Amino acid sequence: MDRRDFLLGMSAILGCSVPSLDVAALESALKFSGQSTGFLRDIELSYVSRIADTIIPETDTPSASQVGVADYIDFYLHDFLPARQAQQFVLGLHGMTGSMQEFLTLSVDRQLAVIQDLDDRLDTDQENSTFKKLKELVVIGYYTSQAGATQALGYDPIPGPYKEIKLAEVGRAWL
Amino acid sequence: MRNREFDVIVVGSGMSGGYAAKQFCEKGYRTLVLDRGEMVKHGQYKTEGKAPWQMPFRGDVPEELKAEQYIQKDVYIYSDYTRHHLINDQDHPYEQKRPFVWYRGSKVGGKSLIWGRQSYRWSRLDFEANKLDGNGVDWPVRYEDIEPWYDQVEPFVGISGSYEGLDVLPDGKFLPAQPLNIVERDMKQRIERAFPDRHFIPARVANLTQPAKQHLELGRVQCQARSECPRGCSFGAYYSSNSAALPAAERTGNLTLVANAQVQEVIYDEASGRASGVAYVDMRSGERKRVRARVVFMCASTLASVQILLNSKSKVFPYGIGNRFDVLGRYIMDHCGGGGASGMMPGYLGDYYKGRRPGGIYIPRFRNINETHGAFERGYGFQGAASRASWQWAKSAKGIGKAFKARVRQPGNWYFSMWGFGESLPKRDNRVYLHESKRDQWGMPLLVMDVAYTSNEQAMIRDMSETAAEMLKVAGLVDIRPFEGEALPGSAIHEMGGACMGRAVETSYLNKWNQCHDVKNLFVTDGSAFSSGSCVNPSVTFMAFTARAVDFADQQLKQGYL
Ligand SMILES: Cc1cc2nc3c(=O)[nH]c(=O)nc-3n(C[C@H](O)[C@H](O)[C@H](O)COP(=O)(O)OP(=O)(O)OC[C@H]3O[C@@H](n4cnc5c(N)ncnc54)[C@H](O)[C@@H]3O)c2cc1C
Ligand code: SF4
Numbered sequence: 009m010d011r012r013d014f015l016l017g018m019s020a021i022l023g024c025s026v027p028s029l030d031v032a033a034l035e036s037a038l039k040f041s042g043q044s045t046g047f048l049r050d051i052e053l054s055y056v057s058r059i060a061d062t063i064i065p066e067t068d069t070p071s072a073s074q075v076g077v078a079d080y081i082d083f084y085l086h087d088f089l090p091a092r093q094a095q096q097f098v099l100g101l102h103g104m105t106g107s108m109q110e111f112l113t114l115s116v117d118r119q120l121a122v123i124q125d126l127d128d129r130l131d132t133d134q135e136n137s138t139f140k141k142l143k144e145l146v147v148i149g150y151y152t153s154q155a156g157a158t159q160a161l162g163y164d165p166i167p168g169p170y171k172e173i174k175l176a177e178v179g180r181a182w183l
Numbered sequence: 214m215r216n217r218e219f220d221v222i223v224v225g226s227g228m229s230g231g232y233a234a235k236q237f238c239e240k241g242y243r244t245l246v247l248d249r250g251e252m253v254k255h256g257q258y259k260t261e262g263k264a265p266w267q268m269p270f271r272g273d274v275p276e277e278l279k280a281e282q283y284i285q286k287d288v289y290i291y292s293d294y295t296r297h298h299l300i301n302d303q304d305h306p307y308e309q310k311r312p313f314v315w316y317r318g319s320k321v322g323g324k325s326l327i328w329g330r331q332s333y334r335w336s337r338l339d340f341e342a343n344k345l346d347g348n349g350v351d352w353p354v355r356y357e358d359i360e361p362w363y364d365q366v367e368p369f370v371g372i373s374g375s376y377e378g379l380d381v382l383p384d385g386k387f388l389p390a391q392p393l394n395i396v397e398r399d400m401k402q403r404i405e406r407a408f409p410d411r412h413f414i415p416a417r418v419a420n421l422t423q424p425a426k427q428h429l430e431l432g433r434v435q436c437q438a439r440s441e442c443p444r445g446c447s448f449g450a451y452y453s454s455n456s457a458a459l460p461a462a463e464r465t466g467n468l469t470l471v472a473n474a475q476v477q478e479v480i481y482d483e484a485s486g487r488a489s490g491v492a493y494v495d496m497r498s499g500e501r502k503r504v505r506a507r508v509v510f511m512c513a514s515t516l517a518s519v520q521i522l523l524n525s526k527s528k529v530f531p532y533g534i535g536n537r538f539d540v541l542g543r544y545i546m547d548h549c550g551g552g553g554a555s556g557m558m559p560g561y562l563g564d565y566y567k568g569r570r571p572g573g574i575y576i577p578r579f580r581n582i583n584e585t586h587g588a589f590e591r592g593y594g595f596q597g598a599a600s601r602a603s604w605q606w607a608k609s610a611k612g613i614g615k616a617f618k619a620r621v622r623q624p625g626n627w628y629f630s631m632w633g634f635g636e637s638l639p640k641r642d643n644r645v646y647l648h649e650s651k652r653d654q655w656g657m658p659l660l661v662m663d664v665a666y667t668s669n670e671q672a673m674i675r676d677m678s679e680t681a682a683e684m685l686k687v688a689g690l691v692d693i694r695p696f697e698g699e700a701l702p703g704s705a706i707h708e709m710g711g712a713c714m715g716r717a718v719e720t721s722y723l724n725k726w727n728q729c730h731d732v733k734n735l736f737v738t739d740g741s742a743f744s745s746g747s748c749v750n751p752s753v754t755f756m757a758f759t760a761r762a763v764d765f766a767d768q769q770l771k772q773g774y775l
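Chains as they are written, first to last, in our numbering: chain A, 9 to 183; chain B, 214 to 775.
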């Protein structure tokens with residue numbers, strides 16, 4: 009749902025136009041771009057995408073990389089994290105499974121085994137902190153993306169009055 | 214007298230000031246509202262309705278921006294969606310002689326834009342507490358004095374609630390209550406059976422479950438259960454000054470509202486023995502201005518009003534206007550909190566809900582009512598809610614691949630948590646004062662906070678955590694985790710006191726009409742006026758006192774006393 013739909017939806021609920029809304033002011037506040045910043049190099053993007061898709065593969069809903077999770081992580085590293093921390097994270101990525109190049113040439117099953125091992129070690133003494141952070145970013149990036157929120161989960165910007173329902177009526181969790 | 218531009222000056226446009234302005238404007242007074250915040254018009258809420266993917270960091274705030282709001286960043290609603298409604302701490306510093314968390318609004322409307330909307334009446338017991346246990350100064354008013362003003366304020370605000378007939382939490386004039394969900398209904402039964410003096414009721418919140426005519430006339434419509442209220446709500450479905458009181462004031466044609474106006478001083482006129490007006494700084498241009506009026510209402514929020522009054526120095530009042538007996542800045546209170554418990558409710562996995570309900574449950578005070586607890590005086594209430602876990606758990610959980618994805622897609626177990634808000638005792642030594650040399654960039658002396666909790670609050674917080682856990686146990690929850698967090702004064706954002714009401718000028722700042730004992734046309738009607746703190750969320754009570762004081766001032770003006 010974009011801003012316009014939101015405003016239209018709102019006037020539908022109000023049953024009238026909404027003169028008090030300054031549409032132009034609201035529109036100008038919307039300037040998010042989902043583009044890659046170029047912070048991560050191509051191989052790093054491929055590596056992150058591959059791991060992201062191992063964690064969240066394609067099913068009846070898109071995979072992590074299909075909704076742009078790698079670009080989100082790139083953006084997060086470039087624009088959100090202080091430069092030092094971002095660089096440290098990238099360094100961590102390079103040491104996480106050995107060479108990125110090598111990992112990318114492994115069979116899908118071997119890749120799965122490597123990631124499974126990293127995942128099994130979460131919350132133990134042998135936890136890999138870069139993997140922990142990466143997984144968190146993949147999960148956030150996916151479920152707060154438009155496709156993740158609206159297809160994998162349920163997203164309802166204007167739910168109407170709170171009411172109880174049976175889970176079967178929606179079949180999935182709300183964002 | 215006659216050629217003044219304004220009849221009344223109201224300092225602050227938040228919960229208290231907004232309502233003062235509405236009442237004065239509706240009574241025909243030319244009213245000037247001055248607020249330090251930036252203007253935000255109802256409907257111009259820049260993050261409202263935005264989905265996470267429309268926010269650069271999906272709602273998260275980068276460190277360098279948090280650094281500008283090093284205090285505000287810890288308030289529970291702080292995110293990229295709301296941070297512009299909170300003050301920039303670097304620009305608005307204060308001193309902590311002892312640790313004190315000061316959360317403040319940055320916009321016209323003040324904290325009314327971002328409040329949690331929990332709205333409860335005080336009880337008879339609350340107004341008698343100081344007299345009964347000897348802490349603080351006895352209130353010069355009782356519940357009966359305030360009751361009619363709750364009756365006036367609540368329907369305008371629009372508060373949803375259930376009628377319970379409890380002495381400890383008087384019923385008000387309510388819109389239909391927010392529903393309890395199935396888990397909460399079952400918990401209610403079990404808890405009330407095991408503890409007949411504990412009541413598990415729907416939270417009373419200022420969200421329009423069923424708008425009435427006076428709401429619709431202001432363009433306020435039914436709450437859509439988005440629970441995104443602190444971003445601002447163009448539906449006007451929760452109460453804020455911006456959505457309700459200020460538009461109501463504006464339509465009378467009597468309102469002048471000046472934003473970015475930092476009031477620094479109430480001006481005392483020696484000849485008349487009255488306040489002649491206020492001095493303020495235009496925060497954009499730096500220009501200093503003075504405005505005059507017949508009456509001044511201080512509604513800048515609890516500590517900010519005290520700061521201005523302390524800074525209002527004259528020959529007659531070298532320690533702040535009306536402060537002959539060193540009463541101003543004393544008896545600062547906040548609710549103590551941080552105690553509670555959470556747990557998991559097994560089962561109910563076929564049950565779910567639609568919509569994000571903007572309020573959960575409330576358990577009114579049950580301590581020190583019929584029996585004496587022993588370890589502490591006064592009491593506390595609980596807020597809480599039951600809901601099902603959604604995807605967030607997956608951020609730090611194990612699992613990968615299709616099975617993981619399928620699991621995240623389903624709502625998790627039901628969880629319930631509740632946390633207490635307790636009444637802290639009014640102590641004369643808990644105080645604020647002006648720093649002798651440090652000033653902010655506009656020249657206002659910084660406020661120094663010298664407030665701390667005592668063993669009474671600590672014992673209460675411990676009890677919160679124990680009683681919460683015992684109730685969750687009888688309610689059938691498992692994996693119960695009691696908590697007893699450290700909550701610093703200020704962190705409940707229910708600061709009160711500093712210009713307390715009382716009977717005598719030697720011991721209190723205001724009389725029973727929120728009127729300064731020594732300066733008859735100066736009123737303080739925000740939380741500064743409060744002689745004790747109750748344990749319920751205070752804001753509608755600020756408004757009820759404001760309504761009552763405006764009515765009194767109106768009569769005094771008409772009779773020529775002011
Ligand atoms: C996140 C959050 C949740 C809350 N939840 C609840 C709740 O559920 N229930 C409840 O009852 N309360 C709640 N509160 C507290 C509630 O918001 C306050 O009690 C209430 O807003 C206080 O009203 P006020 O008019 O005194 O101050 P405010 O609403 O803060 O308004 C004061 C105004 O004065 C202005 N001002 C300050 N200094 C100056 C100056 N020098 N010159 C000019 N203007 C000035 C400010 O800019 C502001 O606009 C919550 C607060 C927060 C932040
Ligand atoms: S919960 Fe209600 S009041 Fe809050 S933002 Fe949504 S519609 Fe508005």
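Any given hint could turn out to be false.
Said to hold, decoys possible - Which stretches of chain B does chain A cover? Using the computed rule of at least three CB atoms under 8 Å from a CB of chain A, they are:
#1 425-439
#2 487-498
#3 587-599
Claimed, not checked - Simulated crosslink set (BS3-like; lysine-lysine; CA at most 27 Å straight-line):
#4 A:140 / B:286
#5 B:286 / A:174
#6 B:286 / B:526
#7 B:733 / A:171
#8 B:426 / A:171
#9 B:567 / B:259
#10 B:401 / B:567
#11 B:401 / A:174
#12 B:686 / B:725
#13 B:567 / B:528
Honestly, the hints are just simulated from the structure, not real lab data. Nothing here was measured: the structure is a model prediction, and the numbers come from that model. Ideal Cβ positions, reconstructed from N, Cα and C, are used throughout, including at glycine.
Hints, one by one, checked against the model:
no. : hint          : result
1   : 425-439       : holds (count 7)
2   : 487-498       : violated (count 0)
3   : 587-599       : violated (count 0)
4   : A:140 / B:286 : holds, 24 Å
5   : B:286 / A:174 : violated, 37 Å
6   : B:286 / B:526 : violated, 34 Å
7   : B:733 / A:171 : violated, 52 Å
8   : B:426 / A:171 : holds, 24 Å
9   : B:567 / B:259 : holds, 25 Å
10  : B:401 / B:567 : holds, 21 Å
11  : B:401 / A:174 : holds, 21 Å
12  : B:686 / B:725 : violated, 45 Å
13  : B:567 / B:528 : violated, 63 Å
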